[in-house]
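Participant: Following the hints, complete the assembly by docking chain D onto the known chain F.
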Amino acid sequence: DSGVTQTPKHLITATGQRVTLRCSPRSGDLSVYWYQQSLDQGLQFLIQYYNGEERAKGNILERFSAQQFPDLHSELNLSSLELGDSALYFCASSAEWGTTEAFFGQGTRLTVV
Amino acid sequence: AQTVTQSQPEMSVQEAETVTLSCTYDTSENNYYLFWYKQPPSRQMILVIRQEAYKQQNATENRFSVNFQKAAKSFSLKISDSQLGDTAMYFCAYGSGNTGKLIFGQGTTLQVKP
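Protein chains in written order, with the numbering used here: chain F, 127 to 239; chain D, 2 to 115.
For reference, chain F alone in the conformation it holds in the complex (with noise of 0.2 Å):
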């Protein structure tokens, strides 16, 4: 178990429609990233999220967005989606925003049909 919650572990969904995926992070972690895992693209950083702010981003569509709240947890949103959103969407924490390890969550296996 590596500390860090993600929820739900599977969502079933249609197109156009909008989910939030959520994150908690390892107690005491700080920096909240979120990957997407796709069978065609690999593992691709989508953003990143320092004690409440927006630190890095990555490959992420407008039609996605991510915060972070005062607890430190994050939320993951993707509206008006695709059939091409359809993956494997993680979570990891690590310590600070420099590069400690990160600790991925389960991840949430999303799939739009």
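In short, the hints are calculated from the structure, not lab data.
Incorrect hints may appear among the rest.
Said to hold, decoys possible - A few chain F residues that don't get close to chain D, going by computed Cβ distances all over 10 Å:
(1) I138
(2) T141
(3) Q170
(4) D197
(5) H199
(6) E201
(7) L209
(8) Q232
(9) R235
Said to hold, decoys possible - Derived Cβ-Cβ restraints for the label pairs, each shown as a range:
(10) D:Q107 - F:E227: 20 to 28 Å
(11) F:Q193 - D:N99: 17 to 25 Å
(12) D:Q57 - F:R144: 43 to 51 Å
(13) F:L187 - D:T6: 18 to 26 Å
(14) D:E30 - F:H199: 43 to 51 Å
(15) D:Q107 - F:R148: 26 to 34 Å
(16) F:P196 - D:T6: 34 to 42 Å
(17) D:S8 - F:N185: 35 to 43 Å
Note that the structure is predicted; figures quoted are calculated from it, not measured.
All C-beta atoms in this analysis are idealised placements derived from N, C-alpha and C, irrespective of residue type, glycine included.
Facilitator: Chain D in isolation, oriented as in the chain F frame:
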């Protein structure tokens, strides 16, 4: 931009044997880290080993060790005494020291055969 390349999509090894997975990367940063992550069929991402770029000594974690060649931008993983539980996808990852974001290679599927 940083890139990570794993040139071996699939590999297999006999139980108890040694196998080496290859990884090369490209960066212009001086402050970075390198990682190997394991992803078993459960899909959980598990950190196997970590190397700080400023350290010359190769990292070792039990049966897992790396060969870090900074000038060549090469970072291979050696698994000794392979076990059936080592069967998984292995990802090489570059970590920016400025942000902490990870850039992953495409992965190598390793099968350990009994």
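Participant: If a hint holds in the structure, say so; if it doesn't, say that too.
Facilitator: Against the structure, the hints:
{"no.": "1", "hint": "I138", "verdict": "holds, 17 Å"}
{"no.": "2", "hint": "T141", "verdict": "holds, 24 Å"}
{"no.": "3", "hint": "Q170", "verdict": "violated, 8 Å"}
{"no.": "4", "hint": "D197", "verdict": "holds, 20 Å"}
{"no.": "5", "hint": "H199", "verdict": "holds, 18 Å"}
{"no.": "6", "hint": "E201", "verdict": "holds, 19 Å"}
{"no.": "7", "hint": "L209", "verdict": "holds, 20 Å"}
{"no.": "8", "hint": "Q232", "verdict": "violated, 6 Å"}
{"no.": "9", "hint": "R235", "verdict": "violated, 8 Å"}
{"no.": "10", "hint": "D:Q107 - F:E227: 20 to 28 Å", "verdict": "holds, 21 Å"}
{"no.": "11", "hint": "F:Q193 - D:N99: 17 to 25 Å", "verdict": "holds, 22 Å"}
{"no.": "12", "hint": "D:Q57 - F:R144: 43 to 51 Å", "verdict": "holds, 50 Å"}
{"no.": "13", "hint": "F:L187 - D:T6: 18 to 26 Å", "verdict": "holds, 25 Å"}
{"no.": "14", "hint": "D:E30 - F:H199: 43 to 51 Å", "verdict": "violated, 30 Å"}
{"no.": "15", "hint": "D:Q107 - F:R148: 26 to 34 Å", "verdict": "holds, 28 Å"}
{"no.": "16", "hint": "F:P196 - D:T6: 34 to 42 Å", "verdict": "holds, 40 Å"}
{"no.": "17", "hint": "D:S8 - F:N185: 35 to 43 Å", "verdict": "violated, 23 Å"}
The structure fails to meet hints 3, 8, 9, 14 and 17 from the earlier list, while all remaining hints are met.
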